[in-house]
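Using the sequences provided together with the hints, build the complete structure.
The chain contents come next:
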Amino acid sequence: DAKTTQPNSMESNEEEPVHLPCNHSTISGTDYIHWYRQLPSQGPEYVIHGLTSNVNNRMASLAIAEDRKSSTLILHRATLRDAAVYYCIPHTGGSEKLVFGKGMKLTVNP
Amino acid sequence: NAGVTQTPKFQVLKTGQSMTLQCAQDMNHNSMYWYRQDPGMGLRLIYYSASEGTTDKGEVPNGYNVSRLNKREFSLRLESAAPSQTSVYFCASSEALAGYYEQYFGPGTRLTVT
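Chains A and B supply the protein sequences, listed in that same order. Per our numbering, residue 1 is the first one in the first sequence, and the count goes up by one each step. Per our numbering, residue 1 is the first one in the second sequence, and the count goes up by one each step.
Just so you know, these hints were derived from the structure itself, not from any lab. Remember, it's a predicted structure, so these values are computed and weren't measured experimentally. Please note: incorrect hints may appear among the correct ones.
[What the hints assert, rightly or not] Each computed EDC-like pair below joins lysine to aspartate or glutamate, with the alpha-carbon atoms no more than 20 Å apart: (1) A/Lys97 x B/Glu95; (2) B/Lys57 x A/Glu14; (3) A/Lys102 x A/Glu14; (4) A/Lys3 x B/Glu59; (5) A/Lys97 x B/Glu52; (6) A/Lys105 x A/Asp82; (7) A/Lys97 x B/Glu102; (8) A/Lys105 x A/Glu11; (9) A/Lys105 x A/Asp31; (10) B/Lys71 x A/Glu96; (11) A/Lys97 x B/Glu59; (12) A/Lys97 x B/Glu79; (13) A/Lys97 x B/Glu73; (14) A/Lys105 x A/Asp67; (15) A/Lys105 x A/Glu15; (16) A/Lys102 x B/Glu52; (17) A/Lys105 x B/Asp38; (18) B/Lys9 x A/Glu45; (19) B/Lys71 x B/Glu102; (20) A/Lys102 x B/Asp38.
Dropping the structure here:
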């Protein structure tokens with residue numbers, strides 16, 4: 001499995017954009033990049049995934065570097081509910097398994 | 001849709017006792033998973049089941065057994081609980097979507113072994 005590097009934690013202010021970085025320099029050409037988040041005392045939830053192109057959905061945007069060695073999850077307008085641990089997970093397409101690292105804790109200040 | 005449900009929500013066991021954690025999903029997913037999460041750590045895969053009747057070991061299977069009872073239900077059994085198994089246990093399910101799997105998680109079971 002490709003290794004990932006995320007900051008241990010980040011802080012942001014409510015209603016401001018937040019850019020959450022992830023390095024995955026050993027990613028293979030067929031690995032998707034998944035992002036999950038885990039709100040306090042809950043199970044993880046899917047946020048977004050991508051392969052090569054930038055992706056948008058109702059929760060977030062995912063910007064993938066051209067060399068695919070890094071990606072950035074973008075929350076366009078952080079809310080208090082976005083305070084969570086965010087996991088960046090390279091995932092081999094067709095594989096059953098997700099490998100969760102320690103993730104990155106996002107604190108959102110009111 | 002209830003999604004993924006887990007019972008019980010909390011459990012305290014004494015060393016050596018046994019118990020079964022129950023998980024059910026109503027999304028008609030083929031794949032189901034059991035993870036554990038220790039304090040301050042990410043999730044680690046214990047076992048998974050790609051389809052009814054099949055199970056495979058994950059990263060940390062020792063001390064656990066699983067049963068895929070039917071397509072909806074996937075149970076995790078601790079035969080002789082140890083303090084090292086104190087953790088939060090999450091069940092998840094998923095379906096293949098164009099070559100990738102989006103996993104849906106239950107609310108977790110908080111287990112303490114004394």
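The hints, checked one at a time:
no.	hint	in the structure
1	A/Lys97 x B/Glu95	holds (12 Å)
2	B/Lys57 x A/Glu14	violated (42 Å)
3	A/Lys102 x A/Glu14	violated (24 Å)
4	A/Lys3 x B/Glu59	holds (16 Å)
5	A/Lys97 x B/Glu52	holds (17 Å)
6	A/Lys105 x A/Asp82	holds (10 Å)
7	A/Lys97 x B/Glu102	holds (10 Å)
8	A/Lys105 x A/Glu11	holds (8 Å)
9	A/Lys105 x A/Asp31	violated (24 Å)
10	B/Lys71 x A/Glu96	holds (16 Å)
11	A/Lys97 x B/Glu59	holds (10 Å)
12	A/Lys97 x B/Glu79	violated (25 Å)
13	A/Lys97 x B/Glu73	holds (19 Å)
14	A/Lys105 x A/Asp67	violated (26 Å)
15	A/Lys105 x A/Glu15	holds (18 Å)
16	A/Lys102 x B/Glu52	violated (31 Å)
17	A/Lys105 x B/Asp38	holds (16 Å)
18	B/Lys9 x A/Glu45	holds (18 Å)
19	B/Lys71 x B/Glu102	holds (17 Å)
20	A/Lys102 x B/Asp38	holds (11 Å)
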